[in-house]
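> Protein chains in written order, with my numbering: chain Z, 1 to 376; chain Y, 1 to 376; chain R, 1 to 376; chain F, 1 to 376.
In case anyone wonders, no lab produced these hints; they're calculated from the structure.
Treat the hints with caution; some may be incorrect.
[As the list claims (entries may be wrong)] Under 8 Å between C-beta atoms, here's a sample of chain Z residues computed to sit facing chain F:
#, residue
1, Y18
2, R25
3, R29
4, H30
5, H32
6, E34
7, A36
8, L55
9, V158
10, A171
11, G196
12, Q199
13, K200
14, V310
15, L367
[Stated by the list, open to error] Mimicking BS3-like on lysine-lysine, the simulated pairs with C-alpha atoms at most 30 Å apart in a straight line are:
#, chain 1, residue 1, chain 2, residue 2
16, R, K67, Z, K219
17, Y, K219, Y, K43
18, Y, K219, F, K219
19, R, K67, R, K6
We put the beta carbon where it would ideally sit given N, CA and C, even for glycine.
Protein chains: 4
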Amino acid sequence: MTQSRKKIRAAILGASGYTGAELIRLLVRHPHVEIALITADRKAGQAIESVYPHLTGLGLPDLMAIKDVEWPGLELDVIFCALPHATSQEIIKGILHDTGHGFIDEMIIERPADYANAIKGSVKVIDLSADFRLRDTDVYTRWYGEYHQAPELQKEAVYGLTEHYRDAIKAARLVACPGCYPTAALLTLIPLLKDGLIQKDGIIIDAKSGVSGAGRSLKEANLFTEVSEAIHPYAIAAHRHSPEIEQELSRASGDDLMVTFTPHLVPMNRGELETIYVNLTDGQTVEDLRAGLINAYADEPFVHVVAEGVVPATRHVRGSNQCLIGVFADRVPNRAILVVVIDNLIKGSSGQAIQNMNIMFDLPETLSLEQAPLFP
Amino acid sequence: MTQSRKKIRAAILGASGYTGAELIRLLVRHPHVEIALITADRKAGQAIESVYPHLTGLGLPDLMAIKDVEWPGLELDVIFCALPHATSQEIIKGILHDTGHGFIDEMIIERPADYANAIKGSVKVIDLSADFRLRDTDVYTRWYGEYHQAPELQKEAVYGLTEHYRDAIKAARLVACPGCYPTAALLTLIPLLKDGLIQKDGIIIDAKSGVSGAGRSLKEANLFTEVSEAIHPYAIAAHRHSPEIEQELSRASGDDLMVTFTPHLVPMNRGELETIYVNLTDGQTVEDLRAGLINAYADEPFVHVVAEGVVPATRHVRGSNQCLIGVFADRVPNRAILVVVIDNLIKGSSGQAIQNMNIMFDLPETLSLEQAPLFP
Amino acid sequence: MTQSRKKIRAAILGASGYTGAELIRLLVRHPHVEIALITADRKAGQAIESVYPHLTGLGLPDLMAIKDVEWPGLELDVIFCALPHATSQEIIKGILHDTGHGFIDEMIIERPADYANAIKGSVKVIDLSADFRLRDTDVYTRWYGEYHQAPELQKEAVYGLTEHYRDAIKAARLVACPGCYPTAALLTLIPLLKDGLIQKDGIIIDAKSGVSGAGRSLKEANLFTEVSEAIHPYAIAAHRHSPEIEQELSRASGDDLMVTFTPHLVPMNRGELETIYVNLTDGQTVEDLRAGLINAYADEPFVHVVAEGVVPATRHVRGSNQCLIGVFADRVPNRAILVVVIDNLIKGSSGQAIQNMNIMFDLPETLSLEQAPLFP
Amino acid sequence: MTQSRKKIRAAILGASGYTGAELIRLLVRHPHVEIALITADRKAGQAIESVYPHLTGLGLPDLMAIKDVEWPGLELDVIFCALPHATSQEIIKGILHDTGHGFIDEMIIERPADYANAIKGSVKVIDLSADFRLRDTDVYTRWYGEYHQAPELQKEAVYGLTEHYRDAIKAARLVACPGCYPTAALLTLIPLLKDGLIQKDGIIIDAKSGVSGAGRSLKEANLFTEVSEAIHPYAIAAHRHSPEIEQELSRASGDDLMVTFTPHLVPMNRGELETIYVNLTDGQTVEDLRAGLINAYADEPFVHVVAEGVVPATRHVRGSNQCLIGVFADRVPNRAILVVVIDNLIKGSSGQAIQNMNIMFDLPETLSLEQAPLFP
């Protein structure tokens, strides 16, 4: 990598959400990326510092509405799509011409033809929404209540769980980054299921997340006064990350399986912890589980099994792309308790997206993601 | 109850902990109680307001060291014992003369004979420590690492889970109030096991607690900077409340059972939430569970099953003696998810202790516990 | 006061805000009040527990829209008005018939005539909004950007700073409860100015408030993620409580004065602390200030000067109607630093309103306000 | 700067405090620094990850006790001294041989002779304690209650307020980094006093700090349960940062001056905000103040005057080395309100220390300090 390398020109669609802001925060430190476009329909025309004062003085372009973007001159190499669910599908379909005739809904994109010029056959899309995560579009419809708008693209989308789909990500044109809860759950469970160390039945994922996972949208439930000094579960047995977790665990185990998944809202900004209860397969021990995980992630820069006796805590990964996994024997025989932590906005979202970008552009995977966690 | 009733003279031993402070806060509003004695060995001689400025102007006596108490003149009717584990046993043994010769460890209590005068055959003791909760003193030794100092007293101690041992509490001389985690778990699970609605195997209790549960002792782990903006489990498969939960669930189910129990520390002062995963017995439905719980607590002032669709949250009970239980179907067939919340310092400790006192003195059970929760 | 006293029938208009909820929480414990009506236009038809689950099981009527209230049968004795600014004026004008012909804006109140029946010549109104706090309606217009809708009523409104207007409150038909910031500032400064102990110039009030002061309305600035782990001032030199503070301090000092006032938003639910910087008048000492304040509040149940060396903290008054004041010498000669704390939702709002009600109905002033602070 | 540059070998004495941990967190990302030594007497022999799990996997040496350090082989270029007050003096005296005979207290340093080998005539010391901040050792004694142990060294120590002592820092052997409160106050006030824009009298600094400023030491006052949901001032008119602020402001104004300074503890981990009240000099306006500050910091990478209408908040600088200053007119004529924010652990401590190191070693000043703030 020489200093003279031409920079990767990146766009961030939906830059006014927390995920978009986090992409900016991380990418401005990336030695090989320049941010060429940031959009936010409702904040169009504003400087990013008026929306996010912590992102002041970074030399970024002003926010635009997607419909006003002059795509041809941008010469984009990569587009991060941090838009709401459903919106992403249509935008990305337009960008990637999947229909063969470039037609997209004019209600949303008024000048679809422009997309053609943006592509030059090579633009890559990294989607942070849920729109391309579910391989079966019927499952998508069932959980999101809408028909999928780009089923052809769904077929080529690569599920962006970096450590488990690295090769496919490298070759991908469209990467669908996992949800924050699935990221933590899958990193923990896939190796164990692949190796047959745990039973397919009876997996229980009790998840706890900081409030930034809910985004910056105005909901009474996310007011400081409602969240502070309190904890509660939500979307019990109904959270949209459930099918995503089950899809990938089923692939890993070679069998359709269901999990019990309960997310909780914790009075903290960032961080996600999952306490996962599993049944061992016959003859396996907790040491086997630990060894299996250590082996699976031995060469990984961001996923680590903590030392015996250490308990992962979200403060150990705050502000970083790290994922820490702990393995504990239950008192109940043949059961184990797994504890996994990530920063939901980084490894659970924007950090993993950049990790994928690094792979897609043949860069060192850790670029712009090396910062040690912020504590306290 | 007339205004002229003679007041119950109460002592609070160990008043400098959060539990002791909470007893004071609640009891000073009790129409039939006067606080005659408060002790705190390391704060002896101080006014309570110098230890707890929020308890200013309540007309309380100064804190004393236990060894300096002049018991004879106190004419106590009830003693709340909010001392550390192990300490409680010796003190209470001395108070209740259980050995028949009034002998207690002089290292701790220098003038044991004085206790005799305090009793007048009738003083009642409400212990908030773990010292008399475990019916089997061998189990006590296994979990607390010490021999029980008053096994005879253990036999007469009544487990103070009010709603399930009300009659025994009424007749008791010594009540051992449950731990905070057991209180929430047992209120939820005992009726279901008694009615055979859920299986004895596979019960998983994922608990989340505010920091006040750790008391006011100086530990790095409880510093603001360590706890804030973070969550982590602790004492995984090793928490001392496990045997207490199992003891009572085994009694309810008629069979020895084990539970999986994982507590987590949440960045909030008060509140405790347990997410409990259970397997239904054949033919039972979630509606049956709900009906069973509603039926069990139909006449209870402090335990309520929330309406369908409502999710219990700790903020709904903060500062009150309420316990709220929600019942939810899992997506996985034949499984249910129970959510229970209490204020760990009130229903989980001092409030339940006072509720028991009211019963022991034939008073309306809700006296001094009627305050609606504090929100926000 | 005998048990057989007929209960005071109270209405709470605007019960879906935090102030309204706090009125309910406190009043349900009041031995001489029954809540006959609670309104919330946007939540009309709902039970209060669906809006505030912590207020479950209190036997309250469902929420109504004001326009649908059948006033005649209610036989109200007191109306607490916890409505937004400007709205209060019109509603109260209708209720109190101030115009002489009962005419009120039909856009807001569709059936004004009904009010007549509610009154029976004696209904009392306690307004928690800012609508009747400013004695000069021109000042109101300047700060609130609207003409006052009930200038005649303004003339009879009594400023409800309990400790300083007790007699007028006793005789009042309409009490305008002070804002939270003015309550703390005025309780501290009025005695000092009246006694000529401090200079009229150079008073600086640096205020810090919990987030509940902003109400339950949906603003990005009040999201957990925006407030948590942060502090910032707001409305610098432009907060609407400034003219209210200056009005009352000018009366106390006999001279028009201005103050510097800067509020800050603190990541906590409740509590308000003001650090007040003053210049002593010639010959006065900090001891004189302390003595003056002690003397002023010697007989007050809710306002206390803390002991020398004690620093007031919001946690000392959380959940209570207490106000604590500390007096400190500055290092800079002839200057003093005053520190005052209240719970903004109680002494700063609903608690003071109930204290006023107790006075207006000749009840012991502390009724339903006796609860000791909640800590931790 | 070429890649082949020999790395600066750095030691961090006192690495187990939050300041030391933050030095590590930032320095491990520095392209030209290698951490050769970390010490912590009470944690000697431990890996840093057992003390700070967030600093796992960084390839650092284990913690040592200072007395066991084998200085000769270390070939240190720079020593960051993050030790408690008073301790620093003796250690640094030993390192820098200031007495001419290398004698230091053997109670603390058992092998003083070893220091000689560490120096090679050129080791630089950056002290983060208060030990060398006060130019007048009598003032030190008055505020810290002890005689200064290295008055000769005090004479050569450079006060490390980077933006105002850059040239002296460049040439210094010993830099005394400012306290967190002084950093924010001085950056705001020095230019205004130097330019004669504000009066020397009547400066009031109302400061609010996160809890990390109190370090990791075990004090009841810093427990989560004591701090959360609360605010309070401390060390009123008695904080040790007062003389430091006054020393530098007196130099800037050419006159001895005193300030009123009141720090408050805010329930957040990081961040510091100061609200500063000043009187304008005759003929000056708020616009003049703003212009003066903009001019003073026009070329600075880390100090910025925010746009008119923007209010600085600690969340805008969290996790960064930024300092933001806002200028506001008071309603009271001829007065202004200044608001300044920093991250107390970075610009207020470890970040500024590294900024100074960059200057001392002729490196780009922003190295390892470029990370944008972490929000939310």
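> A separate judgement is required for each hint: does it hold in the structure or not?
Hints, one by one, checked against the model:
The interface hint given for Y18 of chain Z is met, as the beta carbon of that residue sits about 6 Å from the closest beta carbon of chain F, less than 8 Å. Satisfaction of the interface hint for R25 of chain Z is found here, the shortest Cβ-Cβ separation to chain F being roughly 5 Å, below the 8 Å cut-off. With its C-beta approaching chain F no nearer than about 6 Å, R29 of chain Z sits inside the 8 Å limit, and its interface hint holds. A hinted interface residue such as H30 of chain Z counts as satisfied when its beta carbon comes closer than 8 Å to some beta carbon of chain F; here the least separation is about 12 Å, so the hint is violated.
Of the supplied interface hints, the one on H32 of chain Z is violated, with its beta-carbon coming no nearer than about 15 Å to a beta-carbon of chain F, more than 8 Å. Of the supplied interface hints, the one on E34 of chain Z is violated, with its beta-carbon coming no nearer than about 15 Å to a beta-carbon of chain F, more than 8 Å. Interface hint at A36 of chain Z: violated, since its Cβ lies 18 Å from the closest Cβ of chain F, which is beyond the 8 Å cut-off. A least Cβ separation of about 6 Å between L55 of chain Z and chain F falls short of the 8 Å threshold, and the interface hint therefore holds.
Below 8 Å, beta-carbon pairs count as interface contacts, and V158 of chain Z has none with chain F, the closest being about 28 Å; its hint is therefore violated. Restraint check, A171 of chain Z versus chain F: the minimum CB separation of about 30 Å is more than 8 Å; hint violated. With its C-beta approaching chain F no nearer than about 29 Å, G196 of chain Z sits outside the 8 Å limit, and its interface hint is violated. Nearest Cβ of chain F to the Cβ of Q199 of chain Z: about 31 Å, over the 8 Å cut. The hint is violated.
A cut of 8 Å between beta carbons decides the hint on K200 of chain Z: the least distance to chain F is about 32 Å, and the hint is violated. Below 8 Å, beta-carbon pairs count as interface contacts, and V310 of chain Z has one with chain F at about 7 Å; its hint therefore holds. Checking L367 of chain Z against chain F: minimum C-beta separation of about 12 Å lies over 8 Å; hint violated. Of the supplied pair hints, the one linking K67 of chain R and K219 of chain Z holds, its CA atoms being roughly 27 Å apart against a limit of 30 Å.
Of the pairs offered as hints, the one joining K219 of chain Y and K43 of chain Y holds, with about 19 Å between alpha carbons and a cut-off of 30 Å not exceeded. A hinted pair counts as satisfied when its Cα atoms are at most 30 Å apart, and K219 of chain Y with K219 of chain F qualifies at roughly 9 Å. For the suggested pair K67 of chain R and K6 of chain R, the alpha carbons sit about 28 Å apart, so the restraint of at most 30 Å is met.
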